[in-house]
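Student: Here's the letter readout for the chains.
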Amino acid sequence: MDEWKSGASLATLKLRAKLLAITRKFFADRGVLEVETAVLSRSVSTDVHLDPVNAFFGPTSNSQRFYLQTSPELQMKRLLAIGVGPIYQICKAFRGDPSTSRHNPEFTILEWYRPSFSLTQLMEEVEEFAEATIGCLKIPKYSYLEVFEGVIGLNPHKCSLEELEKFAHSRLDIAPIEIRFSEYLDLLMTEFIEPSLPEYCFLYDYPKCQAAMAVIENDSNGNQIARRFELYCKGVEIANGYFELTDPVEQLERLELDNVERSKKGLPKMPVDEKFLAALSAGIPKGSGVALGLDRLLMIMGKLEDIDSALAFSINRV
Amino acid sequence: MATYSTNEFKSGLKVLVDDEPCSILENEVVKPGKGQAFNRVKFRNLLNGRVWERTYKSGESIEAADVMETDMEYLYNDGEFWHFMKTDESYEQVAADKNAIREAENWLKEQDIYQVILWNDAPISVTAPNFIEMEVVETDPGLKGDTAQGGTKPAKLSSGAVVKVPLFINIGDVLRVDTRTGEYQNRVNK
Numbered sequence: 001m002d003e004w005k006s007g008a009s010l011a012t013l014k015l016r017a018k019l020l021a022i023t024r025k026f027f028a029d030r031g032v033l034e035v036e037t038a039v040l041s042r043s044v045s046t047d048v049h050l051d052p053v054n055a056f057f058g059p060t061s062n063s064q065r066f067y068l069q070t071s072p073e074l075q076m077k078r079l080l081a082i083g084v085g086p087i088y089q090i091c092k093a094f095r096g097d098p099s100t101s102r103h104n105p106e107f108t109i110l111e112w113y114r115p116s117f118s119l120t121q122l123m124e125e126v127e128e129f130a131e132a133t134i135g136c137l138k139i140p141k142y143s144y145l146e147v148f149e150g151v152i153g154l155n156p157h158k159c160s161l162e163e164l165e166k167f168a169h170s171r172l173d174i175a176p177i178e179i180r181f182s183e184y185l186d187l188l189m190t191e192f193i194e195p196s197l198p199e200y201c202f203l204y205d206y207p208k209c210q211a212a213m214a215v216i217e218n219d220s221n222g223n224q225i226a227r228r229f230e231l232y233c234k235g236v237e238i239a240n241g242y243f244e245l246t247d248p249v250e251q252l253e254r255l256e257l258d259n260v261e262r263s264k265k266g267l268p269k270m271p272v273d274e275k276f277l278a279a280l281s282a283g284i285p286k287g288s289g290v291a292l293g294l295d296r297l298l299m300i301m302g303k304l305e306d307i308d309s310a311l312a313f314s315i316n317r318v
Numbered sequence: 001m002a003t004y005s006t007n008e009f010k011s012g013l014k015v016l017v018d019d020e021p022c023s024i025l026e027n028e029v030v031k032p033g034k035g036q037a038f039n040r041v042k043f044r045n046l047l048n049g050r051v052w053e054r055t056y057k058s059g060e061s062i063e064a065a066d067v068m069e070t071d072m073e074y075l076y077n078d079g080e081f082w083h084f085m086k087t088d089e090s091y092e093q094v095a096a097d098k099n100a101i102r103e104a105e106n107w108l109k110e111q112d113i114y115q116v117i118l119w120n121d122a123p124i125s126v127t128a129p130n131f132i133e134m135e136v137v138e139t140d141p142g143l144k145g146d147t148a149q150g151g152t153k154p155a156k157l158s159s160g161a162v163v164k165v166p167l168f169i170n171i172g173d174v175l176r177v178d179t180r181t182g183e184y185q186n187r188v189n190k
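Protein chains in written order, with the numbering used here: chain H, 1 to 318; chain S, 1 to 190.
Rather than coming from a laboratory, the hints here were simulated on the basis of the structure.
Incorrect hints may have been included.
[Stated by the list, open to error] Here are the computed lysine to aspartate or glutamate pairs in the EDC-like style, where the Cα-Cα straight-line distance is at most 20 Å:
hint, chain 1, residue 1, chain 2, residue 2
1, S, Lys57, H, Glu191
2, S, Lys86, S, Asp66
3, S, Lys57, H, Asp173
[Claimed, not checked] Simulated DEER-style distance windows between Cβ atoms:
hint, chain 1, residue 1, chain 2, residue 2, range
4, S, Asn120, H, Pro176, 18 to 26 Å
5, H, Ser63, S, Asn120, 43 to 51 Å
6, H, Cys201, S, Pro154, 55 to 63 Å
7, S, Glu60, H, Gly235, 19 to 27 Å
8, S, Asp88, H, Ser99, 35 to 43 Å
9, H, Gly222, S, Glu69, 55 to 63 Å
10, S, Asn7, H, Gly235, 16 to 24 Å
11, H, Glu253, S, Ser61, 28 to 36 Å
12, H, Leu20, S, Glu53, 34 to 42 Å
By construction, the Cβ of each residue, glycine as well, lies at the ideal position given by its N, Cα and C atoms.
Same shape as in the complex, but just chain H (with noise of 0.2 Å):
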């Protein structure tokens, strides 16, 4: 491999130029502000199953230690609090997963917050943006629950670890480790439910141990659900949209449960964002906001298999 040249070809860096500013028209015509938050952080999300990137000054790591953002998310709702309105970013992301065919550590993501916005009508509107970028129209939306029972046979939000369990070694040979309920959700959402999904289309509405940051509520028929959903594209997780969590409250307890299961996994405790937590409290306006992976996009937009093709130099050329 040459690998000094870009993993890109010229038509792809111009249709990723071209993307960006289809991206920037489309929030100027509807009013978004576009900003820019730090990408350097002294705190990052607890998720559990992000692997965020440190980053020290100087020659050794005596110094105060920094990481890379692994979204924006956390800052750009502090902007909210002060009361900015609707906002977009077009930044780097840096997830310290193993690289893949479509997942490269640093990444550029669009996330933007829509104050007032239902997860419905954000739904819509990242339909719009679809229809704007990759041209596909009247994207259909199926609910986890619906999906679930559909691929797998079980309740999602009702079903007991034993059953996800049995069901999953029935079609698979997994190596003996203890597995958790969210996590054979995860297993089986991969490995059963992503393969049947049609070529674009939203889920929504995520078992409660998969709100991250959504909103839980009770649906119509009495399950608790998370206010989250995912656009996914060709069997791919191209977006994840939240109704968002403004409780401080619950936010600092959903932080400090992830940081319990970081110390059960054997994972370093992350600090929990304080500010951001002051902002909670001062209060940010209900809303619906919004993550998407527009090197993803680019991919289906420029018909690209490997995320390599999509970037400049991805983390195999530099």
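Position chain S relative to chain H; hints supplied.
Tutor: For chain S alone, kept in the frame of chain H given last:
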């Protein structure tokens, strides 16, 4: 005991699965947007050749198998074991049993070099080179003049394997054979 974590998995790695030595053929990380990642790993069991997939939670470790691939010269068969000798001038010998020889039995020729997989220093698999030259010991008489087209007949090679050959082949001819498919390639001029 050495172990490999899932993020070190790559094709060719030799590991112990259910206490048996296996080679990783493919390793794919599967991960929902946010959530637990898993590795879908395709293995070949080196003892019996079985190929299958197993799912691991990312971050798990599995034990390395003390497996070595080495070139060895075939010496002889004593009725029960096939004996091979190392080519590193140590003249060290190993004896492979029927389970290790498997299909390679069809393609054994004394003094030829074979790839032998050793697990804890004992042979568990023998692989013939992709192409091997071997003499015909039994076949119907050759048809003169028919060197080009059509028709095949069975021919038995010195190893005992029977391959389909063109009609012009005679006893004593040396043939080049693809050991992966068992197909005749050409006659070798001696």
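Student: Which hint numbers does the structure go against, in order from smallest to largest?
Tutor: none
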